[in-house]
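*Asks:* Letter by letter, the chains look like this.
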Amino acid sequence: MTCQELQDEIIDDFSLFEDDLESKLFYLMDLGKKLPEMPAEHRTDEYIVKGCQSKVWLFPVHKDGKLYFEADSNTEITKGLVSLLVKIWSGKTPEEILQSELYFIEKIGMSRMIGSQRSNGFTSMIKQMKMYAFALNQAS
Amino acid sequence: MDNLNITHIRSLFPILHQEVNGHPLVYFDNAATTQKPLSVINALRQYYELHNSNIHRGAHTLADRATGMFEDTREAVKNFIHAAESQECIFTKGVTESINLVAQTWGRKFLQKGDEIIITHMEHHSNIVPWQLICEEKEAILKVVPIHNDGTLNMEAFYQLLSPKTKLVSCVWASNALGTINPIQEIIAAAHQQNAVVFIDGAQAGSHLEIDVQALDIDFLALSSHKLYGPTGVGVLYGKRALLESMPPYQGGGEMIKEVSFERTTFNEIPFKFEAGTPNIADVIAFKYAIEFVNQIGKPAIIQYENNLLQAFVAGINGLNQELGSERIKLYGTADNKVAVQSFLLEGKHPFDTGLMLDARGIAVRTGHHCTQPLMNYFAIEGTVRASFAIYNTLDEVEYLVQTLGKILKR
Numbered sequence: 001m002t003c004q005e006l007q008d009e010i011i012d013d014f015s016l017f018e019d020d021l022e023s024k025l026f027y028l029m030d031l032g033k034k035l036p037e038m039p040a041e042h043r044t045d046e047y048i049v050k051g052c053q054s055k056v057w058l059f060p061v062h063k064d065g066k067l068y069f070e071a072d073s074n075t076e077i078t079k080g081l082v083s084l085l086v087k088i089w090s091g092k093t094p095e096e097i098l099q100s101e102l103y104f105i106e107k108i109g110m111s112r113m114i115g116s117q118r119s120n121g122f123t124s125m126i127k128q129m130k131m132y133a134f135a136l137n138q139a140s
Numbered sequence: 001m002d003n004l005n006i007t008h009i010r011s012l013f014p015i016l017h018q019e020v021n022g023h024p025l026v027y028f029d030n031a032a033t034t035q036k037p038l039s040v041i042n043a044l045r046q047y048y049e050l051h052n053s054n055i056h057r058g059a060h061t062l063a064d065r066a067t068g069m070f071e072d073t074r075e076a077v078k079n080f081i082h083a084a085e086s087q088e089c090i091f092t093k094g095v096t097e098s099i100n101l102v103a104q105t106w107g108r109k110f111l112q113k114g115d116e117i118i119i120t121h122m123e124h125h126s127n128i129v130p131w132q133l134i135c136e137e138k139e140a141i142l143k144v145v146p147i148h149n150d151g152t153l154n155m156e157a158f159y160q161l162l163s164p165k166t167k168l169v170s171c172v173w174a175s176n177a178l179g180t181i182n183p184i185q186e187i188i189a190a191a192h193q194q195n196a197v198v199f200i201d202g203a204q205a206g207s208h209l210e211i212d213v214q215a216l217d218i219d220f221l222a223l224s225s226h227k228l229y230g231p232t233g234v235g236v237l238y239g240k241r242a243l244l245e246s247m248p249p250y251q252g253g254g255e256m257i258k259e260v261s262f263e264r265t266t267f268n269e270i271p272f273k274f275e276a277g278t279p280n281i282a283d284v285i286a287f288k289y290a291i292e293f294v295n296q297i298g299k300p301a302i303i304q305y306e307n308n309l310l311q312a313f314v315a316g317i318n319g320l321n322q323e324l325g326s327e328r329i330k331l332y333g334t335a336d337n338k339v340a341v342q343s344f345l346l347e348g349k350h351p352f353d354t355g356l357m358l359d360a361r362g363i364a365v366r367t368g369h370h371c372t373q374p375l376m377n378y379f380a381i382e383g384t385v386r387a388s389f390a391i392y393n394t395l396d397e398v399e400y401l402v403q404t405l406g407k408i409l410k411r
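Chains X and S are the protein sequences, given in the same order. Residue 1 is where the first sequence starts when you use my numbering, and the numbers rise one by one after that. Residue 1 is where the second sequence starts when you use my numbering, and the numbers rise one by one after that.
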């Protein structure tokens, strides 16, 4: 699936909850729980995303010109947030990641859901993943 | 508490009557800042509509009126804390500035190499860092009184730390993170025996405790307006006259001088010596109405009512734990003598997540380290969820919080 198709799927899923903020948060936490476990040796300070209030680890794996992400967080909601990005971008080429615009954030009402401080943290995760894509792009 | 008309009190706070995320707002973040009654809001508006002028200097009617209103608040503060005279009450930006003022003036003048300052393990960062800075500058030593697991001070250790080297003891009256009310009378008496000066951080005490600086023999006391139903940006530093007069000025500028020439400047009397520049006139004037609000209800009634809310919350959590068969919610700060503040953690839940889940149901709480990182380190946690109650909260709201926590845990 393309980045766009994956985003549309997320928008569809969240639209089921309409304005029920609590259910959206529970759903986010459930998504986080489904993330594959991150190997402990990758969950180090080096891979902590700067600018997040809670701890978020992001580890990039390069394979056949594509990027895959391992991720974890010490809070359930943040883990759910990063899982959305992993869903969209894991297994994509650096160009796809760098070119994709994340319109799903606004469509699912993210800032109302998580508040401004976490929204800033979420932006930091996006930047970090794009940096990894940029670095891989430069290297190849 | 039967004689308090909480419905009427709530009607004085317009902000409380709104929905947040589809639920009626339940505001339990009062230790961070309290909401403001209409009298305070109206005073701010009226000041700018009718009286706005710079104070203490102008020779016109508005300036005279504004000056009078500003000084009326000083008088109200004096009565509120039972100071001997209103000149002992200095307006600052808040508790943080009050502490920095004393650290930078009293500390600069009187601290010497090897002198000791005693603080406690439960201090807010604002009652740690200013003393660290001045200790570093003067090569003085900062000593820390440890605490017990229930969040009370280890007084035995305090007595061991206290010595003729102790020049100042700075202690929070009521802990913002735990709610513990510290035995300041005992601390002050012991410190005075060693000729040490005592600074009391009264940020959380203002709206919750009876304050009599003379009876308690407090040397310095810091208060915050915005934690006491008043506007933000206003604080009080109380100091005994002799101490304040012995201190050099804090900041230089207008208002704080007697005469200025390029060769020499002489300084104004207290309190003006410490109030350089145009102060926060409107907010100081409105602060008086917050004090009046508290006075009208009366501290004893407030203390009793808020304590009932706290007891109801603790009982609710204990009941929930019993129902769930284990301690799924852990309380931090379980001293007998507390203001209406309760920190807690849900098993397996990060406090940020709990905070967001509660917000989704319209409940505002504080999450994080509450600017008390050393205290969080003591409990080996990153932070807590903190519910703090005020006079406009209700038992129904407390029950709603307990129910919502149960719902989060049972899911």
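Hints in this document: simulated from the structure, not taken from any laboratory. By construction, the Cβ of each residue, glycine as well, lies at the ideal position given by its N, Cα and C atoms. Errors might be hidden in some of the hints.
Listing some non-contacts, in silico: residues in chain S with all C-beta distances to chain X over 10 Å [claimed, not checked]:
| # | residue |
| --- | --- |
| 1 | 5 |
| 2 | 21 |
| 3 | 22 |
| 4 | 62 |
| 5 | 138 |
| 6 | 146 |
| 7 | 326 |
| 8 | 349 |
| 9 | 350 |
| 10 | 352 |
| 11 | 353 |
| 12 | 356 |
| 13 | 357 |
| 14 | 382 |
| 15 | 396 |
| 16 | 411 |
Calculated cross-link-like contacts (lysine-lysine; reagent style DSS-like; alpha-carbon spacing at most 30 Å) [what the hints assert, rightly or not]:
| # | chain 1 | residue 1 | chain 2 | residue 2 |
| --- | --- | --- | --- | --- |
| 17 | S | 330 | X | 34 |
| 18 | X | 33 | X | 87 |
| 19 | S | 407 | X | 55 |
| 20 | S | 240 | S | 78 |
| 21 | X | 107 | S | 407 |
| 22 | S | 93 | S | 330 |
| 23 | X | 55 | X | 87 |
| 24 | X | 63 | X | 34 |
| 25 | X | 55 | S | 138 |
| 26 | X | 50 | X | 130 |
| 27 | X | 107 | X | 34 |
| 28 | X | 107 | X | 50 |
| 29 | S | 113 | X | 34 |
| 30 | X | 55 | X | 107 |
| 31 | S | 258 | S | 330 |
| 32 | S | 78 | S | 113 |
| 33 | X | 127 | X | 33 |
| 34 | X | 34 | S | 138 |
| 35 | X | 50 | X | 66 |
| 36 | X | 55 | X | 33 |
| 37 | S | 143 | X | 33 |
| 38 | X | 33 | S | 330 |
| 39 | S | 299 | S | 143 |
| 40 | S | 240 | S | 330 |
*Asks:* Can you name, in rising order, the numbers of the hints this structure does not satisfy?
*Replies:* Of the numbered hints, 2, 3, 8, 9, 10, 11, 12, 13, 14, 16, 22, 25, 29, 31, 32, 34, 37, 39, 40 do not hold.
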